[in-house]
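Engineer: Can you build the whole structure from these sequences, using the hints too?
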Amino acid sequence: MEIERTQKEDRALIKVIGSATIENAERIRKGLLQGMTDSNALIVDLSQVTECDVTALQLFFSAKMSAQLKQKKFNVVNPSCNAMETAARAGLYQEHFQVDLECQEVE
Amino acid sequence: MDQYAETYKRETYEHLEELESALLALESDIADSELINLIFRKFHTIKGSGGMFGFDDIAEFTHDIETVYDGVRNGEIPVTKRLVDLSLNACDLIKKMVDGEKTSESERVKIKQELAGILPASPNLPANTILTPKRKLRSADSNTYRIRFKPSADLFQNGTNPLPLLDELRGMGECTVVANPANVPDLETISAESCYITWDIILTTDQDENAIRDVFIFVEDNCELSIKLIGDKDFLQEENIHKKLGEILVERGSLSIEDLNAALASQKRLGKVLSDNKFVDSQEIISALKEQEHFTNLKKKHQEDVAAQSIRVPAERLDALVDLVGELVTVQARLSEEVVAYRGTNLVYIAEEIERLTAELREKTMNIRMLPIGTLFTKFKRVVRDLSKELGKSVALVTEGGETELDKRVIEQLNDPMVHLIRNAIDHGIEQPEDRQKTGKLSEGKIRLKALHSGDNVMITIEDDGAGLNPEKIRTKAVEKGLLLKDAVLSDNDLYMYIFAPGFSTASKITNVSGRGVGMDVVKKSLDALQGSVSVTSEKGTGTKITLKVPLTLAIVDGLMVKIGEEDYVFPLSTVEECVEISRKEADKAQKRNMMDLRGKMVSYLSLYDYFQIEGHRPPYEKIIIVESNGKKIGLGVDSVVGKHQTVIKSLGDLYKDIDGLSGATIKGDGTIALVLDVNMLSKSLKQDSEVCSKRN
Numbered sequence: 001m002e003i004e005r006t007q008k009e010d011r012a013l014i015k016v017i018g019s020a021t022i023e024n025a026e027r028i029r030k031g032l033l034q035g036m037t038d039s040n041a042l043i044v045d046l047s048q049v050t051e052c053d054v055t056a057l058q059l060f061f062s063a064k065m066s067a068q069l070k071q072k073k074f075n076v077v078n079p080s081c082n083a084m085e086t087a088a089r090a091g092l093y094q095e096h097f098q099v100d101l102e103c104q105e106v107e
Numbered sequence: 108m109d110q111y112a113e114t115y116k117r118e119t120y121e122h123l124e125e126l127e128s129a130l131l132a133l134e135s136d137i138a139d140s141e142l143i144n145l146i147f148r149k150f151h152t153i154k155g156s157g158g159m160f161g162f163d164d165i166a167e168f169t170h171d172i173e174t175v176y177d178g179v180r181n182g183e184i185p186v187t188k189r190l191v192d193l194s195l196n197a198c199d200l201i202k203k204m205v206d207g208e209k210t211s212e213s214e215r216v217k218i219k220q221e222l223a224g225i226l227p228a229s230p231n232l233p234a235n236t237i238l239t240p241k242r243k244l245r246s247a248d249s250n251t252y253r254i255r256f257k258p259s260a261d262l263f264q265n266g267t268n269p270l271p272l273l274d275e276l277r278g279m280g281e282c283t284v285v286a287n288p289a290n291v292p293d294l295e296t297i298s299a300e301s302c303y304i305t306w307d308i309i310l311t312t313d314q315d316e317n318a319i320r321d322v323f324i325f326v327e328d329n330c331e332l333s334i335k336l337i338g339d340k341d342f343l344q345e346e347n348i349h350k351k352l353g354e355i356l357v358e359r360g361s362l363s364i365e366d367l368n369a370a371l372a373s374q375k376r377l378g379k380v381l382s383d384n385k386f387v388d389s390q391e392i393i394s395a396l397k398e399q400e401h402f403t404n405l406k407k408k409h410q411e412d413v414a415a416q417s418i419r420v421p422a423e424r425l426d427a428l429v430d431l432v433g434e435l436v437t438v439q440a441r442l443s444e445e446v447v448a449y450r451g452t453n454l455v456y457i458a459e460e461i462e463r464l465t466a467e468l469r470e471k472t473m474n475i476r477m478l479p480i481g482t483l484f485t486k487f488k489r490v491v492r493d494l495s496k497e498l499g500k501s502v503a504l505v506t507e508g509g510e511t512e513l514d515k516r517v518i519e520q521l522n523d524p525m526v527h528l529i530r531n532a533i534d535h536g537i538e539q540p541e542d543r544q545k546t547g548k549l550s551e552g553k554i555r556l557k558a559l560h561s562g563d564n565v566m567i568t569i570e571d572d573g574a575g576l577n578p579e580k581i582r583t584k585a586v587e588k589g590l591l592l593k594d595a596v597l598s599d600n601d602l603y604m605y606i607f608a609p610g611f612s613t614a615s616k617i618t619n620v621s622g623r624g625v626g627m628d629v630v631k632k633s634l635d636a637l638q639g640s641v642s643v644t645s646e647k648g649t650g651t652k653i654t655l656k657v658p659l660t661l662a663i664v665d666g667l668m669v670k671i672g673e674e675d676y677v678f679p680l681s682t683v684e685e686c687v688e689i690s691r692k693e694a695d696k697a698q699k700r701n702m703m704d705l706r707g708k709m710v711s712y713l714s715l716y717d718y719f720q721i722e723g724h725r726p727p728y729e730k731i732i733i734v735e736s737n738g739k740k741i742g743l744g745v746d747s748v749v750g751k752h753q754t755v756i757k758s759l760g761d762l763y764k765d766i767d768g769l770s771g772a773t774i775k776g777d778g779t780i781a782l783v784l785d786v787n788m789l790s791k792s793l794k795q796d797s798e799v800c801s802k803r804n
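So the protein sequences, as listed, match chains W and V. Anchor point for the first sequence: position 88 equals 88 in the numbering used here, and the numbering is continuous, going up by one each time. Anchor point for the second sequence: position 621 equals 728 in the numbering used here, and the numbering is continuous, going up by one each time.
Don't take each hint at face value.
Here are the computed lysine-lysine pairs in the DSS-like style, where the Cα-Cα straight-line distance is at most 25 Å [as the list claims (entries may be wrong)]:
no., chain 1, residue 1, chain 2, residue 2
1, V, Lys217, W, Lys72
2, V, Lys379, W, Lys70
3, W, Lys72, W, Lys8
4, V, Lys730, V, Lys751
5, V, Lys515, V, Lys408
6, V, Lys791, V, Lys580
7, V, Lys739, V, Lys652
8, W, Lys73, V, Lys379
9, V, Lys486, V, Lys553
10, V, Lys647, V, Lys548
11, V, Lys379, V, Lys553
12, V, Lys730, V, Lys791
13, W, Lys70, V, Lys385
14, V, Lys335, V, Lys397
15, V, Lys217, V, Lys202
16, W, Lys73, V, Lys385
17, V, Lys588, V, Lys708
18, V, Lys379, W, Lys72
Now the stretches of chain W that chain V is said to cover, found in silico as 3 or more residues with beta-carbon under 8 Å [as the list claims (entries may be wrong)]:
no., region
19, 4 to 14
20, 26 to 38
In case anyone wonders, no lab produced these hints; they're calculated from the structure. Ideal Cβ positions, reconstructed from N, Cα and C, are used throughout, including at glycine.
Structural biologist: The following block contains the structure:
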């Protein structure tokens, strides 16, 4: 699994590539945390996620909570089929996250 | 072949109606896999039957849309607003093709090309539909359970994946799974491999509690599990199974009844208020709303199941049956009269039994022709969507009482007036979003359609939260048009009724939607033809409410038979408020003034002797039938009251059909005719008379 990080002014884009599962959970947490520390807005791109489990979804929700506490912006964009399917199976809906299904900006 | 073509057309119209409603619903819930399946099936059926019955052009055109929805079903194509727009346009085009209207090749090609643009170029394209595993159909004896599953923190570390457990529950019936991440800590403190999420699951299944427990058998020691029965097998039969959000939260113990009442008193959206006031965690609200949705879907499915048990009968056959029952009612009345004269005791019993059976048959037959008004309400969703888009406004349509039943004929005749009222509300009532925001309103306007039974009538209200009517403007226009005297004293509600006058419009500009003052008089005329009435209330800046009162049916009604001179007349009983008696002297006085005293209140009076120019001796005491027309009471003077009469309404012949004050005729038990009175026309003539008088004065 790789975490690609791009900084655009005060916004950080984190792209998770590969397997977002329990084996990589701690690395994802650190990546999200760093993105959050260095910027005022964090965008998490899930278009390249090939595998996903509940630990990862839990971390994205945790990031959303942290962003709210720190009054920063947070958005999950372009979730892949796998990420969407895991969220649906786990009973996590769009109401739980701020999900942009067709975000053009990150392309 | 023609017969088959007709059947195909009729069925395709129905499919298109259902498609339109499903597409509009999909727009607001893009993840609803059942809606996606329904849409696919409908397009598939239109295509398949089209090819079979020789509608090759329709079959070919629909094939491409079917392909797109196959991709949507498989999660390869996302549901987007553009897809819904295109699908609706495709439906319109199919309808044109079914109607036999000419459609240009370019129209078809354009939609096809745009659809082709939606098809995935490669299988790797990201999809954004949520796929839900297939669920078992619920049987009639299902129970509904609320399951709360709180795994221990080390669930993931033990190698347990909760997703297969949730999938297993889905396989047991109708299932709504909602994760509750309220306990998830922030990024700094979270242990990435621990489990913090809990789950609320609403499951409607024909399996028992033990079967549900078995699903959790391997994690039972590592979790808190509660399973509670919240709806038994009979609850779908209950009238109202849509639990409100507050009820669910109180029932769950998440909210006290006091806090609920305090929140309700503040009149904001309950979920927002509860969340803002921190009475309930927002995650709990999401979960409760999903539970509410579960019950709504369940009820919808149940209704569909019931509908699936029905059979299709051509409307003409039903009309013929109603006509025959009408004849039977007439003959039965005649039999009852003859038997009384005959005085044979046994025959009386038989006649009474026939009378009872005829009444029952009449009621059952009329019920067959009853349809829920929701079938009409659904059509308006498209009207609102398209028109608000055209006018750059944002308008939501809310419907209530869609299950209220009315005679099919009445529903058909209500379509045009209601379309006019809704178009008018969007064009003139609801303000532009920026103007709404300036006045502190939500930028999205709201139109509420509501139907409810009221005795033998149905009250339908069309209410908007727009700018409201301007009584001063209406008064000025009415005076300008010579409809009202400059110094006439009228209440605001009476003034509003002038909007129904022919050619009356206060709109400063004519749009292609409204403003020519044509639509509203059509509304009034249609309501008059239905023996119904219309009333308006409005508040400047707050909105307008138009209430239509229509009879349940037009074919056979309960009537009140009266005598005027030698002739019998019938009032539709639904219009009658009460009967009173006044002396000849009082009646003569009332006749001169067109007004009479009803327990200290003045009401308009019309002698039907005068109206129908009937010669003869007037009775020493006149019976006054107090009726209600367009929200006003009117006293109509007659000789005597004969009694209740089952009135089979027959239309008047061409020579007589334009006589004001009569809406039809009925055959009495002795075979002679009684005329059915048109209360709205009588009230209108009274109004015109009084206006002429006041102008003369």
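Engineer: For each hint, tell me whether it holds in the structure or not.
Structural biologist: Consistency of the hints with the structure:
For the hint pairing V:Lys217 with W:Lys72, the CA-to-CA distance comes to about 44 Å; that exceeds 25 Å, so the pair is violated. At most 25 Å may separate the alpha-carbon atoms for a hinted pair to count; V:Lys379 and W:Lys70 meet this at roughly 22 Å. Restraint check for W:Lys72 and W:Lys8: satisfied, since their Cα atoms lie roughly 15 Å apart, inside the 25 Å limit. Only pairs whose Cα atoms come within 25 Å are accepted, and V:Lys730 paired with V:Lys751 is accepted, the gap being roughly 15 Å.
Taken as a hint, the V:Lys515 and V:Lys408 pair is honoured in the structure, with Cα atoms around 23 Å apart against an allowance of 25 Å. Proposed proximity of V:Lys791 and V:Lys580 is supported: the alpha carbons are some 23 Å apart, at most 25 Å. Annotation: proposed proximity of V:Lys739 to V:Lys652 holds, straight-line Cα distance about 17 Å (limit 25 Å). For the hint pairing W:Lys73 with V:Lys379, the CA-to-CA distance comes to about 21 Å; that is within 25 Å, so the pair holds.
Taking the CA atoms of V:Lys486 and V:Lys553, the gap is about 17 Å. The hint holds against a cut of 25 Å. Our distance criterion of 25 Å between C-alpha atoms is met by V:Lys647 and V:Lys548, whose separation comes to about 13 Å. A hinted pair counts as satisfied when its Cα atoms are at most 25 Å apart, and V:Lys379 with V:Lys553 qualifies at roughly 19 Å. With a C-alpha separation of about 21 Å, the suggested pair V:Lys730 and V:Lys791 falls inside the 25 Å cut-off, and the hint holds.
Distance check on the hinted pair: W:Lys70 and V:Lys385 sit about 19 Å apart at the alpha-carbon level, within 25 Å; holds. Distance check on the hinted pair: V:Lys335 and V:Lys397 sit about 17 Å apart at the alpha-carbon level, within 25 Å; holds. The suggested pairing of V:Lys217 with V:Lys202 holds, with an alpha-carbon distance near 17 Å, which does not exceed 25 Å. As the CA atoms of W:Lys73 and V:Lys385 are separated by approximately 22 Å, the hinted pair is consistent with the 25 Å bound.
About 31 Å separates the Cα atoms of V:Lys588 and V:Lys708, which puts this hinted pair outside 25 Å; it is violated. Only pairs whose Cα atoms come within 25 Å are accepted, and V:Lys379 paired with W:Lys72 is accepted, the gap being roughly 22 Å. Taking a C-beta to C-beta cut-off of 8 Å, the region 4 to 14 of chain W contributes 0 residues in contact with chain V, too few for the three needed, and the coverage statement is violated. With 6 residues having a Cβ less than 8 Å from any Cβ of chain V, the region 26 to 38 of chain W passes the three-residue criterion, so the hint holds.
Figure legend: structure checked against the earlier numbered hints; hints not met, in rising order: 1, 17 and 19.
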